[in-house]
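Peer 1: Each chain is listed here by its residues.
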Amino acid sequence: MEFEPELVGFLCKWCSSAGADLAGVSRRQYPSNLVPVTVNCSGRVDASFILKAFKDGADGVLVSGCHPGDCHYTSGNYKAWRRVAMVKRALEEFGVNPSRLRLEWVSATEGDKFASVVEEFTGEIRELGPGPFNHD
Amino acid sequence: MTENKKKVAAYWASSCGGCDVALLGLHEKIVDLLENAEIVFWPAATDFKYDDLKGYPDDEIDITFFNGGIRTDENEEIANLLRKKSKTLVAYGSCAAQGGIPGLANMSSREELLETVYTKTPTTHNPEGLIPSEVSTRDGVELRLPGLQERVRSLEQAVDVDFFIPGCPPPPNLTQKFLGALLEGELPEKGSVFAGERTVCDECDREWKGKSISEVRRPHEVEIDPDVCLLDQGIICMGPATRSGCGAGCPEVNVPCKGCFGPPAKVDDQGTEMLNSLASILQVGEEGKGLEEERNILSGLRDPIGSFYTYSLPSSIFGGRVDDGGKDE
Amino acid sequence: MKLTDSDQDLVAEVEELSGENLYACFQCGKCSASCPFTDEMDELPNQLIRRVQMGDRRVLQSKTPWVCASCLSCEVECPKGNDIPAIMEAVREIKLRSNVDETDLRDLDTRGLPEIALVSNFRKKTG
Amino acid sequence: MGSKPRVGVFVCHCGENIAGSVDVAKLAEEAVGLEDVVFATDYEYMCSDPGQNKIVEAVDEEGLNGVVVAACSPSMHEETFRNVVEDSGLNRYRCEIANIREQCSWVHRNGGTSPTSKALKIIKGAVQKVKRNIPLEPVEMDHSDKCLVIGGGVSGIQAALDVAEAGNEVILVEKEPTIGGHMAQLSETFPTLDCSQCILTPKMVQVSRHPDIELMTYSEVREVSGFVGNYRVTIEKKPTYVDPDACNLCGDCEDVCPVEVSDEFDEGLSTRKAIHIPFSQAVPSSYTLDEDACLGLNPLCCTECSDACDADAVNYDESSQFVEEEVGAIVVATGYDLYPKEEMGEYGAGSYQDVVDGLEFERMLSATGPTGGEVRRPSDGEVPNNVVFIQCSGSRDPENHNPYCSKICCMYTAKHAKLYKESVPDGNAYVFYIDIRAGGKEYEEFIQEVQEEERVLYLKGKVSKLEEVDGSLRVTGVDQTIGEKVEIDADLVVLAQSIIPSDRAEEVSKQLNLNLGPNGFYKEAHPKLRPVESIGGGVFFAGAGQAPKDIPDSVSQGSGAAAKAMDLLAKPTLSQDPQVVEIDEERCSGCGLCLGQCPYGALELNSRGIAEVNEILCEGCGTCVSGCPSNSLSLKNQTDEQVNEVIKAYVGD
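These protein sequence lines map, in sequence, to chains A, B, C and D. Using the working numbering, the first residue of the first sequence is number 1, and each one after it goes up by one. Using the working numbering, the first residue of the second sequence is number 1001, and each one after it goes up by one. Using the working numbering, the first residue of the third sequence is number 2001, and each one after it goes up by one. Using the working numbering, the first residue of the fourth sequence is number 3001, and each one after it goes up by one.
Be careful, since some hints might not be right.
[As the list claims (entries may be wrong)] List time: in silico BS3-like cross-link candidates among lysine-lysine, alpha-carbon distance up to 30 Å:
id, chain 1, residue 1, chain 2, residue 2
1, B, Lys1289, D, Lys3421
2, A, Lys13, D, Lys3528
3, D, Lys3485, D, Lys3462
4, D, Lys3460, D, Lys3510
5, B, Lys1087, B, Lys1190
6, D, Lys3510, B, Lys1209
7, D, Lys3648, B, Lys1190
8, B, Lys1209, B, Lys1266
9, D, Lys3026, B, Lys1289
10, B, Lys1007, B, Lys1084
11, B, Lys1266, A, Lys13
The hints are simulated quantities; they were obtained by calculation from the structure and are not laboratory data.
When you get a sec, could you build the whole thing from the sequences and use the hints?
Peer 2: See the structure below:
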């Protein structure tokens, strides 16, 4: 059977989760591999959430927030940007392909973009194979 | 020797030996201790054999100070043995408590380690490229070495631990505090850490004045202001993510905290918290304007794992280098 | 071009002859965009108007008014309703009225030439 | 949850919207098998009356203390179901929505892994979250009913009048001796050419007479503490040395005063005495003794003004007073200044007398100005025949000056050119411009009228150089339409200097914890949707301090800021979503790293050196929670534990 990646997506409530909702409203189909965790702001995403998701067996992690300048809380997404950069660096050192972690800006009007991001990410991780703690 | 004397043991597993010295660092207090306690096993200071230990009935030892992490089969065997023979087992020092500096070896595989140590270091003279193995034969005699395990673990990751006294090495006052509680019969609940409940910042007089930092600098690159938080001056100081109890001795003398006391009470991964916080406060210019530069600074940091997980890698979320199940790009 | 030395008489003359307010032009360029003959011109119609606004006498040397066929494309499209062909005509008139005779009949080979061509030639080269 | 969790899961079919691709019966069946789930059911429309009743009944009969509704997006019906849960006697936060429609059934109709298994994961996550939710009540707080307006230009005046008209007390603080701001200096206003003072001074009088407006001129805000609804403000009232109630404006003091200094109201084009009134319609209508210019306030040196004052209004012993006020809302209307022409190296850096800026030219055009409304050049008082207006002077020049468009200069330059031509019909007016930006009501028509009727020559291109040659100003520019350089020997040059924020903006932004944008203008909460609000709330922007603005925009924004302030003040109490940050006082070491991460300034260190959160200011983004290195901060009902358990529910098995 083909490898089906398990993906966790941290979506900010105001932009990206609303964007994911819009994808639904427009019935835009995309793979069901990513399960969304809605958080208030992408700035709420702690580096440890990402590492724990991998530790729990995730093959890829998406962090998605409002576009730069559009954060509902003005600047949380910039923190997310830096934390993701830092975690990517750590992942690399730990021997994990940093492409398993992805940061995207998806606004509430970008349903199609959200779907494309999930589609693309799922494909990419399917290519990469199972994550560091998923050896089954 | 009175009957009431507590039976005390100390053991040294994968560590530098500094913790044993730290026990002696009690100075004259050790005399008080000996009035009330009897040393029944302490390879670094007294001539006991493993067989002596094996001969004790279970729970014979009142208290065992175990320092060092679990690196070899021998470490693990004795840890198990001491666990069985001790009423109370204390993970003593950073290595036993979190894995410590030897734990950084978890960023390499066992084979890489042996190869580096026995063939690659500049001071190694090993023309035949011999690498020790668990079993070898010399002159017809079979020689055995304790097995080197794949990973360094903290004591708790191998056996059940009652108390933790962190530090590299633990400062004498914490050991004394523990001994006092022991002798008074007032030990706290199992799992307690004999150190502060907050972070090093609580004991540090330096002040965080800014809102963010705009660069990361190494201590020698800065003329350090003695009143301002080291982090505020761009120096990576682990203080904010490190348990208090040491009295902030390092930052007090312009040396950034390296995190030897391990994570504070609510944190399970010290390194991740610190790298996360550093990313949170790094800001070049107006927020949102220096994103590319910020990313370059963060991804250009030298040795992030070594900096953030100096003492805690084995007990961190990943525990060390992992095998990406997938293909490399 | 030094504007403080500009020829305000030129401005007044063009306005009088054309009956147009040159300052009504705000240089949108639509006249030039709609003109079918700009390839043959040495400056665009809007540039010619600007030169006249500026009182630049060099405008009298320009080819542009002579290429202008008064097709009225520009006038139809002008957002300010300016009669640009009238301005072109005014420039031509001023040039003609300067009374410079540039045609010597003797140099012309008039055989086989339609009469109207001869008249045109006088009109263009004589003023 | 204090008692053992008893969670009920309610799976909605949403007709075929969910049931069409997700096996809803299976979800309900599997949900009952989850730890702590004691009840699960599925129903066609959970949001319908019978559907809602199922929840109420189950809470009652099964003793539920947590409810998960697996249905559409929380943005659709979270409120609905939380109300239902509240009606059934539980705290509204005992309810969580598992979004299995928009983010599952609608998007996974064909192929891939099963939508049902994804829906189950989402439900598992919601169960993990809801059983860790704590009951919360809205955070309520009293507030002051007063409004502080900082800045008495037209925008601040409008804000103050609107707020006061609504019945709230207003304190209007103005640093100058009179309100009116720059608008009071203007001659006429574009595009209607109303006399500026004629339309402004009645409003100024209205302010001074309004029973609910306390006018504090010659005053500055010195200190602000507190937060939205409850600011404590210290205002310094500088001494004017003249009792405004006693002063009868006879002007005798001014006549005898021996000190003459440059008149700032006339932009230095005239002089005034040390004791002066900025202009005759100033409000409050009273004299001010400029202590810097006065011979020292020393009766031994000079007592001319005091001696001359029959009303005994002059008092040399006055000193600064500090007034403390509590206010609920603050309107910041600190306005603008002109970018100094001294910065314009290419245009003589302020060294040529006959190169003036826009405000100086306004004073020349003003009937009450130094030349009585006649355009006369400063150097020799002659009437200028060739006047060059240079637009974008200091604007749209990221390399050397300011990068932005100052917005109002195209219009006021056209007005200047028109007024000049009206004053000197035979004169020539030249305007150099990059673009004409006339995006306002009847603005473009005005520009065209000026060009056409006043015969002003508009030259497209920026002036590169200005130098004095043979007693006139040689202006070197270009006209891009003909692609040729042009030169003009001008008698007077008017620079449409860039608009910059008033020099008070920086201090005010520090006092109120406001953000400034890259050019020093106040940064609004959202550039499009919240243009008059500050990020932190409770502080509102009016006028050109937020961005360059003309009069109608400044007045509109003044009213807008007033409306926002009134909206806040009208509430009996301020309430806030209670899902805010909480601090573990036993753990926080006061390292301070969180403080700067909060965009709202909701965090500060208390007297014990421990972080404290202001629940009114906290918006609950949780950025600081993730940025706290000791995990001493948590976000109520979105704790680290909750997120980690949701993750486990998704990928751990």
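Peer 1: Would you list, in rising numerical order, the hints stated earlier that this structure does not obey?
Peer 2: Result: hints 1, 4 and 9 break, sorted rising.
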